[in-house]
Amino acid sequence: MGNWLAQIGTVTWLNLRTVGQRRGASTAAAFGILVVVTVFIALLSIAVGFRQTMASTGDPATVIVLRGGSDSEMTSTVTRDSSRIIAEAPGLLRSPAGTLASAELFVVVDVPKRNTGTAANVPLRGVQPAAFAVRKNFRLLEGRRFESGRNEVIVGQGAAKEFAGLEVGHRLRWGENEWTVVGIFSDGGSLSESEIWTDVDVLQPAYRRTMFQSIHARLESAAAYDRFKDSLTSDPRLDVSVYREPDYYAGQSEGLTTLVYALGLLICPLMVAGAVFGALNTMYSSVATRSREIATLRALGFGSGPVVISVLAESLLLAAVGGGIGAAFAYYAFNGFRAATINWQSFSQVAFAFRVTPALIFLGTSIALAIGLLGGLLPAVRAARLPVATALREL
Amino acid sequence: MKYFYLVWKNLWRRKLRTIFTLLAALFTFALFGVLVATNVAFGMGVDISGADRLVVIHKISLIMPLPIAYKDRIAAVPGVKAVTHMNWFGGVYKDPKNFFAQMAVDTPTFFDLYPEYVVPLAQMKAWNEDRAGAIAGRDLAARFGWKIGDKIPILGTIFWHKDGSRLWTFNLDGLYEPGKKGVDATQFFFHYEYLKESAARGGDLVGWYTIRIDDAKRAGEISQQIDALFANSPYETKTSTEKAFAQSFANQIGNIGLIVRYVLSAVLFGMLLVIGNTMAQSVRERTNELAVLKTLGFSNRLVLFLVIAESCLLALVGAGLGLLFSWAVLTPLVGTMLKQFLPVFFIPAWGILLGVAVALLLGVITGLMPGIQAMRLRIVDALRKV
Chain R
200 MGNWLAQIGT VTWLNLRTVG QRRGASTAAA FGILVVVTVF IALLSIAVGF RQTMASTGDP
260 ATVIVLRGGS DSEMTSTVTR DSSRIIAEAP GLLRSPAGTL ASAELFVVVD VPKRNTGTAA
320 NVPLRGVQPA AFAVRKNFRL LEGRRFESGR NEVIVGQGAA KEFAGLEVGH RLRWGENEWT
380 VVGIFSDGGS LSESEIWTDV DVLQPAYRRT MFQSIHARLE SAAAYDRFKD SLTSDPRLDV
440 SVYREPDYYA GQSEGLTTLV YALGLLICPL MVAGAVFGAL NTMYSSVATR SREIATLRAL
500 GFGSGPVVIS VLAESLLLAA VGGGIGAAFA YYAFNGFRAA TINWQSFSQV AFAFRVTPAL
560 IFLGTSIALA IGLLGGLLPA VRAARLPVAT ALREL
Chain X
27 MKYFYLVWKN LWRRKLRTIF TLLAALFTFA LFGVLVATNV AFGMGVDISG ADRLVVIHKI
87 SLIMPLPIAY KDRIAAVPGV KAVTHMNWFG GVYKDPKNFF AQMAVDTPTF FDLYPEYVVP
147 LAQMKAWNED RAGAIAGRDL AARFGWKIGD KIPILGTIFW HKDGSRLWTF NLDGLYEPGK
207 KGVDATQFFF HYEYLKESAA RGGDLVGWYT IRIDDAKRAG EISQQIDALF ANSPYETKTS
267 TEKAFAQSFA NQIGNIGLIV RYVLSAVLFG MLLVIGNTMA QSVRERTNEL AVLKTLGFSN
327 RLVLFLVIAE SCLLALVGAG LGLLFSWAVL TPLVGTMLKQ FLPVFFIPAW GILLGVAVAL
387 LLGVITGLMP GIQAMRLRIV DALRKV
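Line order of the protein sequences matches chains R and X.
If you use our numbering, the first sequence corresponds to residues 200 to 594, in order.
If you use our numbering, the second sequence corresponds to residues 27 to 412, in order.
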């Protein structure tokens, strides 16, 4: 057994030391694997980042109330009377100013994208004062909050980065009204950071609306949800749907994440297949150029096991190098890369950052090693089966 | 042509390697096809939008409606040949996951302006006479297994009936076929009149107008005239060509489309390098064979040609099979899977041509380096090498 291990060590070491002689082919194979891993990680980091933005929106103790049957703020309406009843429902957290419930209006305005200059649907949300306490991660980064009753807006940091003309002090014109940007805010990486906020009492007349579209509220605790929901759904004066915010936003992220995952799952096998054949070629020619060397070893009494393992080791090394560099490159190039896309459910833009998570890196490098294994297996078997006499005679 | 046999024989000198290289090229170009189709899908129909059609939307945003009274005023603008309008219905069929576009359209004008939605005459007649009638795209009907005559229940999220009920039931009177490649066959159209009469509120407003103009060159001028007509009113408009409108939709998807394009380039570049290297290597291995050819009197240029012909042949066969596989099997399959998200998913003719061009380029580049080496080869040196 010890002898066998020593043989493996010797042959593998010999093999790896001569990789330099096959620089061209080895580099090409490793590069192919590098591209596969980079692309794989980059693609999935879109889905992961988007989902993370949606998932970090709302915690289990926050709820959103929409009109019965509505599954998006866009299509929901809540009357002023209903909003008062909802704000007094049991289970809501109280502050000296009343319960933490904010009746909100959600519209979309055209704002040019920074990188293309073309119009994008940016959400403009009218909120009540309680909104800042409902979103407990709300932080003002720059400027001040809007004053109630004035045409002033504050802008989420995601929107400010992605769309043009949203810096503090800028004036914006939508329809007959002019608005001034007075602040930039963050909200723990959530969807709110893609939005522009203003006083709902100013937004309603500007858009000729008398109703709200949703109520965002904070519960005493996550456990108070059932009590709150039951009281609303059993109230004959109301026709509403109640969602925990995380559930609501998870539903909203489904479309894009499914699409990206489907594309990833589709592109991935094709890339892997291409890379496997590339690796196969490299390893076969590596075995071919060393066939005399291998035959000599065999003639000296080295077993076929160590030969197989040495070839596999070479191919795995190439895969590990390619995969490792690919993963590192993907991490530096794409982690935190900011993008914005349209969320069809709310018909408005979501600004988010790509996320390269440890799980993705692990998956990517596993794929690289799998390619290495597949690409090395057949050539390794060929190397072990090489008839010693013929190989030695070969030129 | 007379050297074809020689090139062919050379190609199969190392069968295994050639097969692997072919397979690598096959999968790479199959992927190329899928990515071209993805690109088309993310283009949101920019390529097929009518050049003589303009879209009039509310200046603030597409989601804000416009008064129905604008129809006649727009029609009176010189150069406007026809006007139609649409409302986004946004209802839910059984489950929110079953998302598809439902539009309330102006019955007399809609299909005139959109000749790319082809409806058989008899079905069109039936639809015209049926107040709650609807016409669905072929692919949409296939997705849910609808047949003509079916009743389609859709839960309104924006519009509900005057009696407060949200359920709208439509009769499927006809199916439309896409009149040309790339037309979305997953939409659902019904009468605007029905919406206007039945909806509790919002029925007297329309989502947006589409107009046809007599001269596509005057699009800019006519757009300005229309927008000037409604300037300083509560409902200001923004008029743009349908192409610009589709483009702004595509841009809304944003960097994602761009990233898919980057992926395309990265994968291609990487895989081409792998394939190219293998092909170059196989020429390098044959140095003394090439020297023998030269000894026999093959000119330098002919040797270069033979090497390039071989690599081009390999690249073209691999790419051809890959594109064929992608066009015939893969994209239709993927298109069916992703129909819900990307209604239009196919490889256009330019995609195939581009693929062939890339393959040819790959063949030339990979053949050129070793080919030039072979050309410059001094017979004596080459023959001396073992």
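Check each hint, because a few of them may be wrong.
[Stated by the list, open to error] Pairs of lysine-lysine residues, derived as PhoX-like cross-links and limited to a Cα-Cα distance of at most 20 angstroms, are as follows: (1) R:Lys312 x X:Lys173; (2) R:Lys312 x X:Lys177; (3) R:Lys312 x X:Lys264; (4) X:Lys177 x X:Lys151; (5) X:Lys120 x X:Lys151; (6) X:Lys206 x X:Lys120; (7) X:Lys243 x X:Lys269; (8) X:Lys207 x X:Lys97.
[To be verified] Here are some chain X residues the structure puts well away from chain R; computed CB gaps all over 10 angstroms: (9) Leu32; (10) Gly76; (11) Trp234; (12) Ile279; (13) Leu328; (14) Trp353.
[Unchecked claim] FRET-style restraints, in silico, Cβ to Cβ: (15) X:Val382 x R:Gly450: 23 to 33 angstroms; (16) R:Ser433 x X:Ala127: 35 to 45 angstroms; (17) X:Thr321 x R:Val587: 32 to 42 angstroms; (18) X:Leu387 x R:Glu341: 47 to 57 angstroms; (19) X:Ala257 x R:Ser433: 29 to 39 angstroms; (20) R:Asp280 x X:Pro93: 48 to 58 angstroms; (21) R:Asp280 x X:Ala77: 48 to 58 angstroms; (22) R:Thr556 x X:Lys222: 48 to 58 angstroms.
The hints are simulated quantities; they were obtained by calculation from the structure and are not laboratory data.
For every residue, glycine included, the Cβ atom is placed at its ideal position computed from N, Cα and C.
Taking the hints in turn, this is what the structure says about them:
1. Between lysine 312 (chain R) and lysine 173 (chain X) the alpha-carbon distance is near 43 angstroms, which puts this suggested pair outside the 20 angstroms criterion.
2. The straight-line distance between the Cα atoms of lysine 312 (chain R) and lysine 177 (chain X) is roughly 43 angstroms, outside the 20 angstroms bound, and the hint therefore fails.
3. In summary, the hint linking lysine 312 (chain R) to lysine 264 (chain X) is supported, as the alpha carbons are separated by about 18 angstroms, within the 20 angstroms threshold.
4. The straight-line distance between the Cα atoms of lysine 177 (chain X) and lysine 151 (chain X) is roughly 18 angstroms, inside the 20 angstroms bound, and the hint therefore holds.
5. Using a Cα cut-off of 20 angstroms, the hinted pair lysine 120 (chain X) and lysine 151 (chain X) is violated, with the two alpha carbons roughly 28 angstroms apart.
6. Taking the CA atoms of lysine 206 (chain X) and lysine 120 (chain X), the gap is near 31 angstroms; set against the 20 angstroms cutoff, the hint is violated.
7. Between the alpha carbons of lysine 243 (chain X) and lysine 269 (chain X) the distance comes to roughly 13 angstroms, so the proposed pair stays at or under 20 angstroms and holds.
8. Pair hint lysine 207 (chain X) plus lysine 97 (chain X) does not hold up; C-alpha atoms about 31 angstroms apart against a cutoff of 20 angstroms.
9. With a cut of 10 angstroms on Cβ distances, leucine 32 (chain X) stays outside the contact zone with chain R, its closest approach being about 23 angstroms.
10. Remark: the non-interface label on glycine 76 (chain X) is consistent with the geometry, its nearest Cβ contact in chain R lying 20 angstroms away (cut-off 10 angstroms).
11. Every CB of chain R lies more than 10 angstroms from the CB of tryptophan 234 (chain X), the least distance being 13 angstroms, so the non-interface label holds.
12. For isoleucine 279 (chain X), the condition that its CB be more than 10 angstroms from all CB atoms of chain R is violated, with the nearest at approximately 6 angstroms.
13. At roughly 26 angstroms from the closest C-beta of chain R, the C-beta of leucine 328 (chain X) stays outside 10 angstroms, upholding its exclusion from the interface.
14. Here tryptophan 353 (chain X) stays apart from chain R, with its beta-carbon at least about 14 angstroms from theirs, past the 10 angstroms limit.
15. Between valine 382 (chain X) and glycine 450 (chain R) the Cβ separation comes to about 44 angstroms, which falls outside the hinted range of 23 to 33 angstroms.
16. Taken as a hint, the range 35 to 45 angstroms holds for the pair serine 433 (chain R) and alanine 127 (chain X), whose Cβ atoms sit roughly 36 angstroms apart.
17. Our hint of 32 to 42 angstroms for threonine 321 (chain X) and valine 587 (chain R) holds, since their Cβ atoms are close to 35 angstroms apart.
18. Taken as a hint, the range 47 to 57 angstroms holds for the pair leucine 387 (chain X) and glutamate 341 (chain R), whose Cβ atoms sit roughly 50 angstroms apart.
19. Restraint check, alanine 257 (chain X) to serine 433 (chain R): a C-beta distance of roughly 51 angstroms breaks the suggested window 29 to 39 angstroms.
20. For the pair aspartate 280 (chain R) and proline 93 (chain X), the supplied restraint of 48 to 58 angstroms is violated, since their beta-carbon distance comes to about 28 angstroms.
21. Checked against the hint of 48 to 58 angstroms, the C-beta distance between aspartate 280 (chain R) and alanine 77 (chain X) comes to roughly 51 angstroms, which is consistent with it.
22. Remark: the range hint 48 to 58 angstroms for threonine 556 (chain R) to lysine 222 (chain X) is upheld by a beta-carbon distance near 51 angstroms.
Hint compliance for this structure: hints 1, 2, 5, 6, 8, 12, 15, 19, 20 are not met, and every other hint is.
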